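Novice: Single-letter residue listing:
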Amino acid sequence: MRKIWISLVLLGVVPALSFYVFKVLGLTDSLRYVSITDWQPGKPSLFNIACMFVTMFAWSWVKGWIYLFVPAALPFIIGDLLQSRRAK
Amino acid sequence: MSEEHKSSGKSRIAIWLLAAGFSILLIALMLTIGGTPPEFPRAYAWQKSWWFARGIFAIVTVLPFYVLARLAVSSARSRAVRVIYMAAMPAVGAFGIVFKSYEYSLAMIICQMLIICGLYVLIRVGAGAGRLRYALTVAASLGVSFIVNYAIAPYVHMAKPKDYFGPEMPADIRQQLEFFYWVWDDDARMKAAHAAMRKQNPEWDMISRTFFAYSLANVALKYPAEKERALKYLDKVIDNTVRVPWQDFLLDYGTNMALFVKQPPSSVMVDGEVSLMIGLRRLVRDEPDYPHKELHRKLVNQCLDSMKAGPMLCGECYPDECWLWCNPLALTSAKVLDVLEGSDNTEFYERWEKMALAKLTDKKTGMLQSAVTLTGYPIHTSEGSTIWIGASCLLPVLPDLAHEQYNLMKEKLSGRLLFLAYGREWPKGERGDWDIDSGFTPFGMGPASTGFALVASKEMGDEDFFVRLLTLLNLVGVPQVENGRMRYLSSNLVGDATFLYGKTAGPAWQEIIRRDKERRAKK
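Chains W and V, in that order, give the protein sequences.
Note that the first sequence covers residues 5 to 92 in the working numbering.
Note that the second sequence covers residues 94 to 616 in the working numbering.
No lab work stands behind these hints, which were simulated from the structure alone.
This structure is a prediction, so every number in the text was calculated from the model and none was measured.
Think of the CB as a built atom: it goes at the ideal place given N, C-alpha and C, for glycine as much as any other residue.
Just to be clear, a hint being listed does not mean it is correct.
[Stated by the list, open to error] Computed Cβ-Cβ distance ranges for the label pairs, DEER-style: (1) V:Y227 with W:V17: 20 to 26 angstroms; (2) W:V17 with V:V574: 17 to 23 angstroms; (3) W:L21 with V:L344: 40 to 46 angstroms; (4) V:D493 with W:N52: 46 to 52 angstroms; (5) V:N333 with W:I10: 53 to 59 angstroms; (6) V:L344 with W:F51: 27 to 33 angstroms; (7) V:F441 with W:V28: 53 to 59 angstroms.
[Unchecked claim] Over the 10 angstroms line for every Cβ pair with chain W, so calculated as not near, a few chain V residues: (8) K253; (9) D332; (10) D382; (11) Q603.
[What the hints assert, rightly or not] Coverage of chain W stretches by chain V, computed from C-beta distances (three or more under 8 angstroms per stretch; other residues unrestricted): (12) 22-35; (13) 60-70.
Bound conformation, chain V alone (with noise of 0.2 angstroms):
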């Protein structure tokens, strides 16, 4: 045998080699992106085996690149080549939209692109003997890299339960504290940085005050050391948050007040979530002068009386819109009035729960609709950036239907990636309209969707989705700490206040829950 046979036929291996390899690193990412099975459909028997139809991406992948590494160390034909190769990578794409996998088709043409481009590299670089040796070296020593990076990342950047659910304030919560603390420090700063979220969205405004307050009391109920501190800026929160027309929060199309169709008009939304956090804020400390009592049972009792006016027992957030995370949140902000002054709602919180179950949830999922008309009808089916704040807020007030509305959230509104979990906006296999509450969904994912699922997985207790969720909002949220101050750069004031509400949930509920049960062994 010739010399040059033996090095044709050691090329030919190597190629095999590297586009067996580079094929499986690609199943290996689409596995990891695409999650589940049930992403095909099943209109034929074949397509019903998992296995089977995995086999099939990977012949239609392997194919091309063994014809493309192969063409290209004939360099005359490699440019025609990788031309046609980039131009049918759409159809392959395509195989996956027929199999109605948006993410998939992107994922692959993504990762295709990627790997034709390292492929072509090394190809190129190991034309010679000599070269082609260390092409395979360098190619095997990143994949070893790749091996056992991917067996220790979870132990080497994964967040710790122990921070954020024991009993030492971590480092990240003081840095967002100090960053909060600054900007509602100077007027002028506090007024700019909620000014520039009202012109995105007046809601913004409102949330990022509200779940900056909500943290507060969990910071004040959870670390002692802390608690002045955050009982001054709770208090400043509030007093300039009550001076606020109600109507300011909303977006345009709900300050029409005639359309509302309940009058005098309110917004369960904005009664909601400023009537808990003063209530949060009686439950820290609840001084016989305190200012704003009058102010919390006037809130509290609009938000009773809306629901239930409302023939699903749901108030409008805006005209003839009931939205799922703000109705539940009134019922929590009635239950911490209840346990703070002695009321006692739980008839209207069961005939909530029937209601909920028999015509408030979607019939296919079982989980919440995000929105329905005074009458019922669905506006906006289960998303994730509303109805995790929804589950969650019924754990106080009724907490078994908050653990199932939960336990279909992670298993319909959420995903895997490696070790990392993420929110989805819609359940899997389903596609909406991105707005602005859902944010951009690249692959599923959505940003809303994963830091309201945050904020729950801490209410439930959840360490391990917790951790996964929070470890993926620190690898995109790009945390910066200035001056001892953090930030996500990547995010607004709305997504750090989220974030902050996210790592601090808990100890309010908890202590909700715990005055509830002794005011009840009372009786």
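This is chain W alone, in the form it adopts within the complex (with noise of 0.2 angstroms):
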């Protein structure tokens, strides 16, 4: 049960924490390529749209996925607390 509830908190926050380490490092300013309109000869380049397609993909989960996995972990940890409990 531990080792659920972990994942789960990893697979919500780890991602979601990714868009602020991508902000850092400055992968952010490939978003503007979205806006398909922005494409010039040669720009984007293939890293210029993963990072695009990365850093999307972090955002979705810092405004909707970390909300999924995390509440769903909480039954796990109520339920690794309780088996702590007994097995005291």
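From the two separate chains plus the hints, produce the assembled complex.
Specialist: Next up, the structure:
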């Protein structure tokens, strides 16, 4: 049970935090290529496009998926606490 | 009954439950993404039944899930079946295309790819009897979390109407203003920002300026504490913009002056937007020695002359192109001059309204066309990237037509996604070609249309639609604040200006309407 709630919490938090890591690294600048009218010959590069998708993916975690996975961990956190108490 | 048989029976039930659960999720996603039944053609009587059609989809999707789930447990054949199913999914997607619903087919393929991966992982994880119990518990917990989020999301994530329709300036408007002030504080920075816009589309250079200017006028009228600062930057924008040759704001195909039908050439697009900028500045404060009064009168009169000369009472924005964003906007600009200087173009406005209803609206939808030739031939039919602004600009001039058009656009050029709203580039069931105005339109959503719908909803005082649009924009726009300045990372300068204008719109139109009523009462 402990593995499950830790996995769910990490699944919710890590991608969300990665957005802020990308921001510090300047990779979020690639988001401007979401508007395809910003595309010029040679820009964006494949790296820019990959950054764009990964950053948007991480943003969707910040605004959405973190609220799915972290609350889903709650029953397992409670179950783990109860199990630990019974073991004592 | 042997233990093995019991276990196999429980696995079958669990797999059926999982398959049914995921199918319900898929149908729910399709219902929320897709919208209303009219997407399905009515060629046959049975297709007219909404529930029958959805039932067909349900059977088509549940059966493959069940087959895959059953065989996934038997790992020897699961890989082959998975490959076959992945290949079969485009066929299922084609089912949507047959029903002329490319949006559903694309949505369905994406949903199925996500669901099949999740289902496969769950089945493989749950292959052992003990682990299956955990897998089902995790799935149930995720399901409950989803339902709770679905129920509370509108209350937690949605923007609050009182922030934008109330008297206090919300934080994001302040932060967006600080960003634009920062851009305009440094000449080199401002030139670079606008050069970047001009490189993609010269019109965006102009609209970045004018929408920022309209926002400043609205801010000055609504928030007294910000008035002086807003006026300072409004004057900066106007002083800089009027020095730019008007041809520089046109796309390449409009720069050959000889091609304009009306000579000497002028563009109602540029004259209207720039004159409205000056007019709104004068609406906020009209000093006797304000330097751009003559230019204001000249540009408004140029617009009116151009429109009155046209057979459809529309003026050219480009050679033999009359856009129904620019011409309604020019009418509003003329109205501003009316209330400032006492002129009266009511008779022309009424003639324009009759012409619009007779010749400038699409016969099928009743909405304004996006662009017509001088003789009224449609060049672009109703597009969200154009007519939301056209409708909102009609409000101070022809309020009945404005409301009628706005209501039609809400019905045909908008959609709902869960608790969010978006603008469509084309009416439901129709599809055009992507261009520089529309941008990319996934699932029929138009990014430009959504931004302009925000402006229109705010002008019309439609709080519910406004907050749903704004919440979507705040989700996909990726707003970020740095040093107190807000930008939308997946947008650009013109997008940021549009969002700011959308959030601040309203006071200028209300001021025009109020002053017009006052002067009519005095007569």
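Novice: Assuming the hint says 20 to 26 angstroms, is it satisfied by the Cβ distance from Y227 (chain V) to V17 (chain W) or not?
Specialist: 21 angstroms, holds
Novice: Does the beta carbon distance between N333 (chain V) and I10 (chain W) stay inside 53 to 59 angstroms, or does it fall outside?
Specialist: Holds: the Cβ-Cβ distance is about 57 angstroms, inside 53 to 59 angstroms.
Novice: How does the stretch 60-70 of chain W fare against chain V when you require at least three residues with a CB closer than 8 angstroms, holds or violated?
Specialist: With 4 residues in contact (Cβ-Cβ under 8 angstroms with chain V), the coverage given for the stretch 60-70 of chain W holds.
Novice: Holds or violated: is the Cβ of D332 (chain V) farther than 10 angstroms from all Cβ atoms of chain W?
Specialist: 29 angstroms, holds
Novice: Are there at least three residues in the stretch 22-35 of chain W whose beta carbon sits under 8 angstroms from a beta carbon of chain V?
Specialist: Held - the stretch 22-35 of chain W has 4 residues with a Cβ nearer than 8 angstroms to chain V, which meets the minimum of three.
Novice: The output says K253 (chain V) does not contact chain W. Does that hold with a beta carbon cutoff of 10 angstroms?
Specialist: 17 angstroms, holds
Novice: So D382 (chain V) supposedly isn't at the interface. Is its beta-carbon more than 10 angstroms from every beta-carbon in chain W?
Specialist: 42 angstroms, holds
Novice: Given the range 46 to 52 angstroms, decide if the beta-carbon distance of D493 (chain V) to N52 (chain W) lies inside it.
Specialist: 48 angstroms, holds
Novice: Could you see if the CB distance from L21 (chain W) to L344 (chain V) stays within 40 to 46 angstroms?
Specialist: Between L21 (chain W) and L344 (chain V), where Cβ atoms are some 43 angstroms apart, the hint holds.
Novice: For the pair F441 (chain V) and V28 (chain W), does the Cβ-Cβ distance stay inside 53 to 59 angstroms?
Specialist: 57 angstroms, holds
Novice: For the hint 27 to 33 angstroms, verify it against the beta carbon of L344 (chain V) and that of F51 (chain W).
Specialist: Cβ of L344 (chain V) to Cβ of F51 (chain W): about 31 angstroms, so the range 27 to 33 angstroms holds.
Novice: Minimum Cβ separation between Q603 (chain V) and chain W greater than 10 angstroms?
Specialist: 32 angstroms, holds
Of the numbered hints stated above, none is contradicted by the structure.
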